[in-house]
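Asks: Go ahead and model the full structure; you've got the sequences and the hints to work with.
These protein sequence lines map, in sequence, to chains A and B. 1 is the number of the first residue of the first sequence in my numbering; add one for each residue after it. 1 is the number of the first residue of the second sequence in my numbering; add one for each residue after it.
Source of the hints: derived by calculation from the structure; they are not laboratory data. Be careful, since some hints might not be right.
To be verified - In the BS3-like style, the derived pairs of lysine-lysine whose C-alpha atoms are separated by at most 25 Å in a straight line are:
#, chain 1, residue 1, chain 2, residue 2
1, B, Lys111, A, Lys101
2, B, Lys111, B, Lys10
3, A, Lys73, B, Lys396
4, A, Lys239, A, Lys268
5, B, Lys396, A, Lys101
6, B, Lys482, A, Lys73
7, B, Lys482, B, Lys396
8, B, Lys530, B, Lys563
9, B, Lys563, A, Lys8
10, A, Lys124, B, Lys10
11, A, Lys73, B, Lys10
12, B, Lys269, A, Lys73
13, B, Lys269, A, Lys8
In this text the structure is predicted, and so the values were computed from the model without any measurement.
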Amino acid sequence: MRFMINVKGVVKSFDGFRALNMLDMNVEKGSIYGLVGPNGAGKTTIINHITGALTPDSGIITVDGESVYDNEKIKQRVLSIADDWYYYGSFTVGDMTRFYKRIYNNFNAERYMRMAELFSIEEKRQIRRLSKGMKKQVAFHLTLSCMPDVLILDEPLDGLDPVMRKQILNLIINDVSERGMTVLVSSHNLRELEDICDHVGIIHRGSMIIEKPLDDLKGSVHKYQVVLNGDIPESLYKKLNILHSSKIGSVHNLIIKGVPEEINYAIKELNPLICENISLTLEEVFIYELGGLGYDFKGIIV
Amino acid sequence: MILKESLFNKGVFNTVLRRFRLGSLLYFIILFLCVPTMFLTRSPEVLESRYFGRIDIDYTIADSALFSTDMLILPVLVTMLVPTVAALLIFNYIHSPRHAIFTHSMPVSRKANYFSSLCGGLTLMALPVVINAIILIIISLLGYGKVVGLIPSLVWMLVFLAVIFIMFSVATLASFLAGNPFSAAAINLIIHLIPFMLAASVSFFGDRYLYGFANDNEMFENMLMGSPLINLFTNLLGGDVYYFFKNMSVWVFLVVSIVLFVLSYFLYKYRKVELSGDVAGFKIMHPILKYTLCSGAFILSFAIFTSIEISAIWYFLLTGIITAIVYFASEMVLKKNLRIFHLYKGLIGFFAAAAVVLSFLAFTSVFGFETRIPKEEKIESVALYTDYNDEVPYVKDPRVIKTATEHHRKFIKDIPALKKDSFYYTEEIYTADSLYTEAEKPHHTYTVMLNYRLKSGKVISRRYRIENEAMYKMLSALFESKEYKVKKTGIDEIIFDNVKKLDIRTNCGDLGFDFTLYDKSPEFLRALKKDIENITYDDYYTACPVNIYASLDASPEENKTEKIFKESAYPYHYYHFSISINPNFKNAYNFLLENGYIEQMKSHITDNLYVSKEPVYFKSGTYTFNGENFNPDSVIHIGTEFLRKLSPEESEKAYEEILLKKYNQKEIPFSENYYLFCANTTHMENGTSAANNIARFSPDTMPEFLK
Chain A
1 MRFMINVKGV VKSFDGFRAL NMLDMNVEKG SIYGLVGPNG AGKTTIINHI TGALTPDSGI
61 ITVDGESVYD NEKIKQRVLS IADDWYYYGS FTVGDMTRFY KRIYNNFNAE RYMRMAELFS
121 IEEKRQIRRL SKGMKKQVAF HLTLSCMPDV LILDEPLDGL DPVMRKQILN LIINDVSERG
181 MTVLVSSHNL RELEDICDHV GIIHRGSMII EKPLDDLKGS VHKYQVVLNG DIPESLYKKL
241 NILHSSKIGS VHNLIIKGVP EEINYAIKEL NPLICENISL TLEEVFIYEL GGLGYDFKGI
301 IV
Chain B
1 MILKESLFNK GVFNTVLRRF RLGSLLYFII LFLCVPTMFL TRSPEVLESR YFGRIDIDYT
61 IADSALFSTD MLILPVLVTM LVPTVAALLI FNYIHSPRHA IFTHSMPVSR KANYFSSLCG
121 GLTLMALPVV INAIILIIIS LLGYGKVVGL IPSLVWMLVF LAVIFIMFSV ATLASFLAGN
181 PFSAAAINLI IHLIPFMLAA SVSFFGDRYL YGFANDNEMF ENMLMGSPLI NLFTNLLGGD
241 VYYFFKNMSV WVFLVVSIVL FVLSYFLYKY RKVELSGDVA GFKIMHPILK YTLCSGAFIL
301 SFAIFTSIEI SAIWYFLLTG IITAIVYFAS EMVLKKNLRI FHLYKGLIGF FAAAAVVLSF
361 LAFTSVFGFE TRIPKEEKIE SVALYTDYND EVPYVKDPRV IKTATEHHRK FIKDIPALKK
421 DSFYYTEEIY TADSLYTEAE KPHHTYTVML NYRLKSGKVI SRRYRIENEA MYKMLSALFE
481 SKEYKVKKTG IDEIIFDNVK KLDIRTNCGD LGFDFTLYDK SPEFLRALKK DIENITYDDY
541 YTACPVNIYA SLDASPEENK TEKIFKESAY PYHYYHFSIS INPNFKNAYN FLLENGYIEQ
601 MKSHITDNLY VSKEPVYFKS GTYTFNGENF NPDSVIHIGT EFLRKLSPEE SEKAYEEILL
661 KKYNQKEIPF SENYYLFCAN TTHMENGTSA ANNIARFSPD TMPEFLK
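Replies: Shown next as structure tokens:
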């Protein structure tokens, strides 16, 4: 299968610190890929590689089958919005628009005009005098006007009000459904990602831990509330991959990785008084997955 | 629109223009106020009078007020600064991490980004110059043609464009070597100053520690002129700007600038974006910067501490401490971390290398300054310079070459490469009117510089401090060569028959007497040349240094339009001839005697010569004579007072003997008193006399012919 974004065995070190460690990542065309990971995991670093700003020490990064570094043609199709979106200090919104028009071949003036009604920011205003949220709006306005085939977003919705968030997400989803735009989005707001992503990759210490369709990811880790006559026997720990267990009163909370049928069968063998499978959120999956890798989450989730 | 795979990106170019247009406008205004406004606010006549001194003279095309220093100084300074600032601003996309990520995510190749930014920057800087040049041309056409000029306006424009191009290339290179704007500014300055620092270091250390090192040669100047900043500044403010492009170094700089622009591109091509914000743009530069700074600190502190009187242990210790501080500070800056002391091994390595280099210099003769004497058969000519101001052009006489090499060998005998006396290196000037006896004379050394021009065209220069006796022996030997003496005096450079006017002057302190030879000048010069060819060193420098001066000026007004000096004289500045004549110049002296000039001199001076019986003291600006103080400002009054008290009965000779006797008996300390007075008097109507001049002599400086 040919992926829109393909990252293979990428290694990048800064002053001896290995920011990316044999990272693999595959983003399908037309998908919305959520890149999650703790602080310092390497999310922004890999994004900067995919946009062609950085070069890896080793490994391959391609977008639509082509290397992106110093490749004007492919970069015309790849646009990104960083958390601290850069603009020229002396520029007005109009100046920045003209700049994007000159640089990006696919800049769609008609679309720009249509979106102008949504964002409604005066062209004469200097960008540096705008609020963080308004700057973000300008960034989305300009970027989406360039009709990107690949949109890379790093903490995209920070600073935006809920209405604007919803509207921007709608614009993105429309582009994905109508034009087959591929979106790679990195965010710590997992609840937001959960709503829009169809694929998720969890990155930790520069390596990809899990990369799955969101449904598969959520379907592989389960939360059970079990009440037994006594404690959970050791045999259950041997049978199942229990990521986490806790007890409140007589209720055991178990986070178990595996196939639901097998888990149900193993628990039923213990004749539980109560056995209930509760679906996990992406946030919980993230925390428990990283917990398995030694990431300290004690007390974060009950 | 993007021109795919193109060198030029219109978007980037326009963005550069748009972002920095105000800076360009500011530069335009400065140039406009400094140049066109200066013309527009004054009439052409006023400007002509101001810049050319005279009105209605025939100007050459090179004569333009545009090239006067006051019109150039501010524009030149600003034009040298503007490219540096422009490079820092335009190439900020490699210095600011956010800007770097943004720029390099854009669909613009590095090649297009670089060249478009470069073109944008050059355009922004060139436009103000071009527009001002157009304004100057218009001004020229509006009646200011004589003071501005069309061609000079174009030359002015090209000169400033060249300066921008050269300075921008250096600033661009510095920007791409550096990781952040501060280090870019520093590296830019370092690039400009490297030739100066090298020249200064070589000069300082060579002069101080290498016996035989001669720093007043072409090497120093060439090194210095290797700095674009110094070279352009010198050419623009010290040279003839109209002929700026006739200077070969300008073309070299222009070519080098193109190379620097290309080099900068390659630096950019292989530059890693993540290094934006660091001190250096490349990791490999870290050790280079670190050890360069360490070397600088080591050399500088070593130079300073060895200049003051402290023991070797202390100056090595202090140098070591300062170098260590600089080393760790560099590490802190480069690593952006304070915990760098575990990196001490690099410092130890540096000290080891420094010790090896110092030992190498101290115990070997690697520089060869102390031992390298060219073989006589390889020497084409030799030039010798001494403290006696004997600036002699290259002499080919084999006897001079032999004398030079023989004495050179003597100078270097048993002298180590590194000077031992460098810390107490004092220069004591032998003063002609000193009353020191031979026994009391301080230990004198003199500088002699030997320049060998080899048959291969190479020039080897050596300089030594030598003893008085060695100097005497060398000069005595050199005086056996006619060519040496003729070239030393420069008499052979005079076209005798063209000389229509020659000044002869004699003076006794402030009391002087001049007369001029007209038609007899060639005859006198021939006699003088004969003397010079045959005179010995002892006869040339008699004990009496003040005698008759013959001088010849090459100014057109003095000798009309005929050339009185040969072309070959000019490189050696022999367009003024002057020589001191004593009675040992027998032919010249006899000429003056036979023609009655000596008698004229004697009578003129002795008529007005008075000799004091008592010493006259001159101390702290006040004359004291017979216990009375005189204000030196009222010379006439002093002269009158002196004349009343002077006693002319005794002969000068007798009085001289008395004075010498007194001196030898240590009755009179030197430098506070003088004994012989000459007064050029004016007899007043009331019968008194007033002195126009007072001259004071110690006995041994009495003019020979007056004795």
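Asks: With reference to the structure, classify each hint as holding or not holding.
Replies: Here is how each hint holds up against the structure:
Distance hint between lysine 111 of chain B and lysine 101 of chain A is fulfilled; the C-alpha atoms sit about 20 Å from each other, no more than 25 Å. For the hint linking lysine 111 of chain B to lysine 10 of chain B, the alpha-carbon distance of about 13 Å falls within 25 Å, and the restraint holds. With a CA separation close to 72 Å, the supplied pair lysine 73 of chain A and lysine 396 of chain B exceeds the 25 Å bound. Taking the CA atoms of lysine 239 of chain A and lysine 268 of chain A, the gap is about 13 Å. The hint holds against a cut of 25 Å.
Note on lysine 396 of chain B and lysine 101 of chain A: the hinted pairing is violated, with a Cα-Cα distance of about 76 Å set against a maximum of 25 Å. Between lysine 482 of chain B and lysine 73 of chain A, the direct Cα distance comes to roughly 82 Å. Violation of the 25 Å bound is thereby established for this hinted pair. A distance of roughly 11 Å separates the Cα atoms of lysine 482 of chain B and lysine 396 of chain B; the hinted pair therefore holds under the 25 Å criterion. Taking the CA atoms of lysine 530 of chain B and lysine 563 of chain B, the gap is near 22 Å; set against the 25 Å cutoff, the hint holds.
A C-alpha spacing of about 85 Å is found between lysine 563 of chain B and lysine 8 of chain A, which places the hinted pair above 25 Å, so the restraint is violated. Restraint check for lysine 124 of chain A and lysine 10 of chain B: satisfied, since their Cα atoms lie roughly 23 Å apart, inside the 25 Å limit. Restraint check: the Cα-Cα separation between lysine 73 of chain A and lysine 10 of chain B comes to about 16 Å, which is no more than 25 Å; the hinted pair holds. Among the hinted pairs, lysine 269 of chain B with lysine 73 of chain A is consistent with the structure: their alpha-carbon atoms are about 18 Å apart, no more than 25 Å.
A threshold of 25 Å between alpha carbons decides the hint, and for lysine 269 of chain B with lysine 8 of chain A the separation of about 24 Å falls inside it, so the pair holds.
Hints 3, 5, 6 and 9, counting from the list given before, are not met by this structure.
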